[in-house]
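Chemist: For reference, the chains in residue letters:
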Amino acid sequence: MDHRVKNIIFLFLVSSALWSAEKAIKIEMINTPLKEIINELEQQSEHLFIYNEYVNDKTVYSVSSENETLKEVLEKLFSSSTVQFKIRSPHVILKSINEPTSETTIQRQKLGTLSGYVKDAESGETLIGATIIGPSGSYVLTNNFGFYSFEVPEGINQFTLSHIGYGTIVETIKVEGKTTHDFNLTFKATSLSEVEVSSDSYKKERTRTLQNVIQFNRQDLIRFPALLGVPDINRIMKSQAGVSSVGEGTSGFNVRGGNIDQNLILLDGAPFYNSSHLFGLFSIFNTASIKDLKLYTGGIPARFGGRASSVLDIRLRDGNTQKFAAEGSIGPIVTHLQLETPLVKDKSAILISGRRSFIDLFQDLSNSTNEEKVYFYDFTAKTHYRINPKNTVYLSGFFGADNLNFEIDETKKNGPKKEKTKFNWNQSSVSFKWNRIFNGKLFMNLSSVFSQYDYGLSSDSSDNPIIDLSGDFNWNARIRTFETKTNLTYNLNPENTFKGGGSVTKHSFSPTKIEAASKYSQNISLETENAVEIGLFGEWETQWKRFQINTGLRWSQFSNIGPGDVYQYAPGSKSLATIVSSKTYEKNDVIKAFNNFEPRIALKYKWSEDLALKANYNRMYQYIHLISNTLGVVPYDIWKPSGTYIEPLKVDQFAIGFALNKVKDKKRIDVGIEAYYKSFNNLIEYKDGANLIANKYIETEFIPAKGISYGLEISADYVLNQWFGNFNYTYSRSERKTDSNLDEINQGEYYPSNFDRPHVLNVNTSRKLGSRWEATASFTFRSGRPITIPTGSYDLLQGRHFNFSERNEYRISPIHRLDLSFNLYPKERNKRWKSHWTFGVYNVYARKNPLSVIPSTTSDKRTSTYEFSLLGAAIPFVSYQFKF
Amino acid sequence: MKLRSLTLLFLIIFTISCVKEVQYDIKPQSEYAIFTVLHNLTDHIEFHISKTLAIYENFESEEIQDKFDFTVRIYEYPSGAGTDPTSGTLFLEAINPKILVNNNYGIGRFITNIPLTRKAVIGNGYALEVTIGDNVIRSAVEYLPEPIPVKKSSVSSEELTFDLSFDDPPDVINYYSFYENYYIKPISEEVLIPITSEIQFIASNTRTDVLFSGKTNTNFFSELKQLEFYYETPYEVHVESRLLTFEHEEYEFLRKVKLSSEQSYEKVDEESSGPFTLFSSPPVKLNGNLTLIEGEGNKNIFGFFIVAGADSNGTNILEIDN
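Taken in order, these protein sequences are the chains called F and Z. Sequential numbering from 0 applies to the first sequence in numbering that gives the first Met the number 0. Sequential numbering from 0 applies to the second sequence in numbering that gives the first Met the number 0.
FYI, nobody ran anything at the bench for these hints, they're computed from the structure. All figures in this text were calculated on a predicted structure; none of them were measured in a lab. Built from N, CA and C at the ideal position, the CB exists for glycine as well. Be aware that one or more of the hints could be misleading.
[As the list claims (entries may be wrong)] Across the chosen pairs, the derived CB separations fall in these ranges:
id, chain 1, residue 1, chain 2, residue 2, range
1, F, 526, Z, 189, 53 to 63 Å
2, Z, 290, F, 808, 21 to 31 Å
3, Z, 224, F, 336, 53 to 63 Å
4, Z, 206, F, 535, 43 to 53 Å
5, F, 329, Z, 160, 17 to 27 Å
6, F, 588, Z, 216, 32 to 42 Å
7, F, 524, Z, 216, 16 to 26 Å
8, F, 526, Z, 260, 29 to 39 Å
9, Z, 216, F, 394, 49 to 59 Å
10, Z, 313, F, 526, 55 to 65 Å
11, Z, 292, F, 562, 43 to 53 Å
12, F, 738, Z, 292, 23 to 33 Å
[Claimed, not checked] Mimicking DMTMM-like on lysine to aspartate or glutamate, the simulated pairs with C-alpha atoms at most 25 Å apart in a straight line are:
id, chain 1, residue 1, chain 2, residue 2
13, Z, 118, Z, 145
14, F, 421, Z, 222
15, F, 419, Z, 261
16, F, 421, Z, 261
17, F, 582, Z, 208
18, Z, 298, F, 459
19, F, 512, Z, 167
20, Z, 257, F, 742
21, Z, 224, F, 459
22, Z, 284, F, 564
23, F, 582, Z, 167
24, Z, 257, F, 564
25, F, 505, F, 564
26, F, 695, Z, 208
Turn these sequences into a full structure, and let the hints guide you.
Modeler: Take a look at the structure:
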């Protein structure tokens with residue numbers, strides 16, 4: 000193992016040992032009611048005690064301690080009583096042995112079901128992942144719609160609720176049969192106290208989750224230092240363990256060695272094909288309208304399918320059902336405004352959010368012509384209506400677009416020559432969801448989503464003083480997805496949950512339609528490719544003693560359907576020269592179909608209250624593929640469905656690790672260490688110099704390939720008094736290998752992928768500075784990515800050419816960068832108006848982080864090679880956020 | 000390329016990019032690059048040979064020689080003779096041919112014109128052999144394909160274009176190169192003096208027949224090269240539009256030559272070239288049908304021996320302001 004990895008593990012072990020020393024408790028209470036003793040212990044230990052009437056009877060207790068831990072004090076206190084205790088920081092659960100056991104309860108006492116929603120008390124927004132601890136210490140979490148279902152003995156029960164950023168509450172509820180009750184949690188929200196709450200948000204409690212999941216709420220998202228003051232999900236994702244990319248400013252991200260098209264990006268369930276504005280500089284998602292975001296990197300549940308490496312599940316806020324609210328921000332590049340209002344109080348609300356860049360204003364100031372405009376914008380809207388406690392419907396939509404209009408005037412350079420070029424792409428989605436609660440235990444979500452990605456490119460040289468022969472054209476392409484899916488969740492009891500459902504997805508890919516706009520250009524239209532994908536899944540999540548298991552199976556069926564022409568090739572390497580015939584398929588004819596089973600299992604063994612061991616395995620199939628061999632993804636890259644010449648991508652992943660969660664006083668550390676191994680089959684690689692643009696015979700450019708990736712991820716979230724943040728280090732490798740005797744890259748040996756960065760370190764830390772300031776520093780270090788460099792030069796035909804090393808044989812210089820961000824919370828004169836300023840510097844010490852190498856023929860006597868940095872300077876930013 | 004231009008313009012505006020020169024600890028291997036074209040219309044072959052040189056300062060390149068000794072041979076094979084390179088008869092032999100251009104870019108390129116005693120024959124096979132010291136490089140046997148006839152060609156002096164029409168045979172996939180040769184014709188003489196290197200233009204407009212789809216009287220348009228002409232006596236400029244027909248491998252090689260050219264920048268700065276690399280594809284290696292059969296070094300040689308069918312419809316006068 001790399002010595003650096005060892006050092007980091009050692010540091011964590013030392014820190015864990017230090018955390019295990021608990022605070023000493025001093026107490027002397029003789030013949031005192033238990034409730035009073037508990038109150039004292041709660042104050043000193045900062046733990047919350049959970050108990051019921053079986054514990055809190057009229058018995059009096061005595062306890063005396065000078066300098067002992069909470070555990071030792073509790074052992075003394077209950078040494079001769081019928082009460083047992085369990086410390087589950089930050090809670091202590093007390094239970095009387097006189098309390099009926101679950102078996103006896105079933106015999107003696109009827110079980111009832113408590114179900115409902117957990118909401119934000121101020122806005123009525125439902126809360127995802129809130130924890131509800133029941134009377135026996137068992138707990139459930141709210142689902143993606145804030146719904147919970149809890150089976151408990153009928154009668155009066157005490158429930159403790161907590162959620163990231165919210166205060167903990169204890170409520171006593173009388174449960175009879177099927178009882179519904181909505182809990183309301185209060186957000187700790189007054190300017191800087193918001194920061195205090197945010198520190199809480201780092202308690203992700205890896206010991207609690209089964210899967211490898213990285214979760215953020217809105218408060219987490221806005222704290223990260225942002226390029227030009229625009230919070231960016233893609234950039235935040237790239238700072239997480241196991242997530243990599245080819246470089247700064249590139250679109251998409253790579254999870255555990257997977258290509259960027261292997262990430263299923265969902266916004267309210269609708270898939271997105273391009274998640275960036277301006278070629279990758281900014282995320283397409285507006286963080287202001289996001290309620291919750293989860294990135295699954297391993298142990299992916301069976302309910303997700305269609306992509307092979309990760310799931311980024313983004314949920315939009317539902318809107319404020321209590322009162323009108325607005326918020327916005329003003330920055331140098333982007334301004335946004337969000338409005339939300341109840342339509343029917345407590346039942347219905349609407350949220351509308353929009354962002355627009357104002358780059359074009361600067362263009363106007365710089366004397367650009369009216370034709371020259373570069374801007375992007377996006378709109379998000381969502382509404383919901385709670386028909387009754389059992390039925391709620393949601394409708395959300397997104398539209399984001401980039402427009403780049405240029406006028407190129409080369410008159411001075413090459414004689415009279417003008418050309419107008421328009422380049423635009425947009426992503427839109429609509430999601431409709433219907434939630435139905437059948438009997439307090441069965442929750443159904445039925446949804447239909449539509450997603451569309453369009454791009455267009457046009458060239459107009461009609462204003463040229465002389466005729467332009469480059470050929471005017473209009474180029475359009477489109478990807479469309481319709482999907483209907485049902486998810487059923489049956490909460491049998493807190494220990495057993497069953498999920499099942501299915502989905503039907505219609506994919507439509509129109510890769511290229513080029514209409515000639517002059518006699519010098521030609522029409523090119525590639526056939527629209529259609530496919531239908533069906534998925535059925537079942538999941539069972541259970542707890543048994545110290546074990547927790549989520550196991551599931553997904554069956555996926557994918558049919559590439561007509562109309563379409565499929566070319567037949569002679570045996571050997573495919574090329575235009577080896578086409579022997581073509582076969583025509585009519586509409587809805589099945590060109591090629593695939594059926595596959597995808598087993599998933601995630602295990603957790605709770606070693607102690609603080610420590611959990613985890614292991615998971617998942618097999619994923621992916622049937623749609625991004626066809627791109629460029630370093631960064633560009634909007635005009637095409638997607639293709641699996642079919643005659645593209646096998647479905649199959650990825651198997653194994654992971655094992657442990658999670659440690661330590662809490663003491665105002666200190667918390669949550670550590671996760673995980674090792675993984677992934678194998679990739681049926682990857683697509685490309686022949687040397689492959690032509691992927693508007694190519695009717697694109698399969699002739701493919702080389703079948705396989706790959707492996709493996710790594711060790713260490714991550715920690717921490718709160719140390721005024722300091723809070725997270726840290727992660729990943730050692731990983733990602734390699735590819737062509738799987739063909741006819742066309743090989745690097746003689747058919749394994750070679751590193753473009754985004755193989757063995758060492759990645761990210762540190763994010765925040766601190767409150769007095770009552771009005773908060774500072775955040777973010778540091779990242781990444782090994783240089785593999786590159787293919789020129790090793791010599793020669794002259795042939797049209798000039799100088801280079802002979803190159805083996806593919807990705809060398810590495811570019813490492814990347815490291817420090818970003819700083821400061822939040823200033825002005826004194827609030829108006830209770831309702833809340834605002835803060837954000838200042839910062841991106842790339843503080845102006846590191847020129849290289850993205851690529853450029854061979855050059857600058858000199859007459861020798862050639863040169865340069866490293867290119869996209870963001871090679873310190874970039875200050877300021878923005879103003881407000882809400883009321 | 001328009002897409003690249005757009006990308007460039009955007010990134011100029013919105014990024015704070017930069018470039019810095021880097022050195023890698025790489026010792027270059029000395030290799031040769033060879034390119035030549037043989038077709039049925041030509042009475043000579045234009046032979047290009049280049050030697051790879053170091054590009055990093057930490058290793059000195061070998062001294063660039065003014066000349067070096069090499070022998071060029073072409074063997075001929077009757078139609079249907081197969082691919083055994085040892086069965087051919089000598090078609091051309093040139094020992095240490097006279098160098099016309101050398102050291103063009105300071106990296107050791109040599110160009111020579113070697114006259115042919117007779118023209119190549121359609122249907123026959125040809126193989127190139129080059130001997131440089133102890134190294135022997137040989138091509139595969141390439142058969143000269145039937146050329147596609149040019150039906151009409153014209154030049155527009157106003158639009159500075161040339162076009163030619165031809166019938167694209169249906170049910171056959173062909174690969175073409177469209178280009179123009181320039182000649183000076185002194186007014187008082189009947190002789191056409193070639194003034195451009197044909198081989199330099201061959202890669203400029205290569206196409207598969209996918210766009211022509213087996214149509215008759217299909218046309219190809221292209222811009223004329225913007226050349227400057229200097230001749231002391233009154234003259235006409237004649238342009239001959241040629242249509243070369245060759246095989247898939249030749250087409251792929253010429254396409255990669257263009258790609259390779261785009262992967263090297265004449266001027267490197269953050270505005271002109273850096274942003275392009277965001278969207279660059281993996282580097283192209285220009286290996287073709289030439290193999291090192293004797294000697295030390297990489298067996299795959301850069302370059303190609305192209306054997307093509309050629310046709311033209313005579314020359315057209317380009318009206319220029321003398």
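Chemist: Does each hint fit the structure? Answer for all of them.
Modeler: Okay, the hints, checked on the actual structure:
1. 526(F) / 189(Z): 53 to 63 Å: holds, 55 Å
2. 290(Z) / 808(F): 21 to 31 Å: holds, 23 Å
3. 224(Z) / 336(F): 53 to 63 Å: holds, 55 Å
4. 206(Z) / 535(F): 43 to 53 Å: With Cβ atoms ~48 Å apart, the hint holds.
5. 329(F) / 160(Z): 17 to 27 Å: violated, 53 Å
6. 588(F) / 216(Z): 32 to 42 Å: holds, 36 Å
7. 524(F) / 216(Z): 16 to 26 Å: For residue 216(Z) against residue 524(F), whose Cβ atoms are near 23 Å apart, the range 16 to 26 Å holds.
8. 526(F) / 260(Z): 29 to 39 Å: Since the Cβ atoms of residue 526(F) and residue 260(Z) sit about 32 Å apart, the hinted range of 29 to 39 Å holds.
9. 216(Z) / 394(F): 49 to 59 Å: holds, 57 Å
10. 313(Z) / 526(F): 55 to 65 Å: Roughly 41 Å apart at Cβ, these two residues miss the hinted range, so it is violated.
11. 292(Z) / 562(F): 43 to 53 Å: holds, 50 Å
12. 738(F) / 292(Z): 23 to 33 Å: The hint (23 to 33 Å, Cβ to Cβ) holds, given that residue 738(F) and residue 292(Z) are roughly 30 Å apart.
13. 118(Z) / 145(Z): holds, 14 Å
14. 421(F) / 222(Z): holds, 24 Å
15. 419(F) / 261(Z): Given pair residue 419(F), residue 261(Z) holds - Cα atoms ~23 Å apart, limit 25 Å.
16. 421(F) / 261(Z): holds, 23 Å
17. 582(F) / 208(Z): At roughly 20 Å apart (the allowed maximum being 25 Å), residue 208(Z) and residue 582(F) satisfy the hint.
18. 298(Z) / 459(F): Roughly 48 Å between the alpha carbons, so the hint for residue 298(Z) and residue 459(F) is violated.
19. 512(F) / 167(Z): holds, 24 Å
20. 257(Z) / 742(F): Status holds; Cα separation ~21 Å.
21. 224(Z) / 459(F): holds, 23 Å
22. 284(Z) / 564(F): Not satisfied, since the Cα-Cα distance of roughly 32 Å exceeds 25 Å.
23. 582(F) / 167(Z): holds, 23 Å
24. 257(Z) / 564(F): With a Cα-Cα distance of about 30 Å, the restraint between residue 257(Z) and residue 564(F) is violated, given a limit of 25 Å.
25. 505(F) / 564(F): This hinted pair holds, its Cα atoms lying about 19 Å apart.
26. 695(F) / 208(Z): holds, 12 Å
Consistency with the previously given hints fails for numbers 5, 10, 18, 22 and 24, ordered from lowest to highest.
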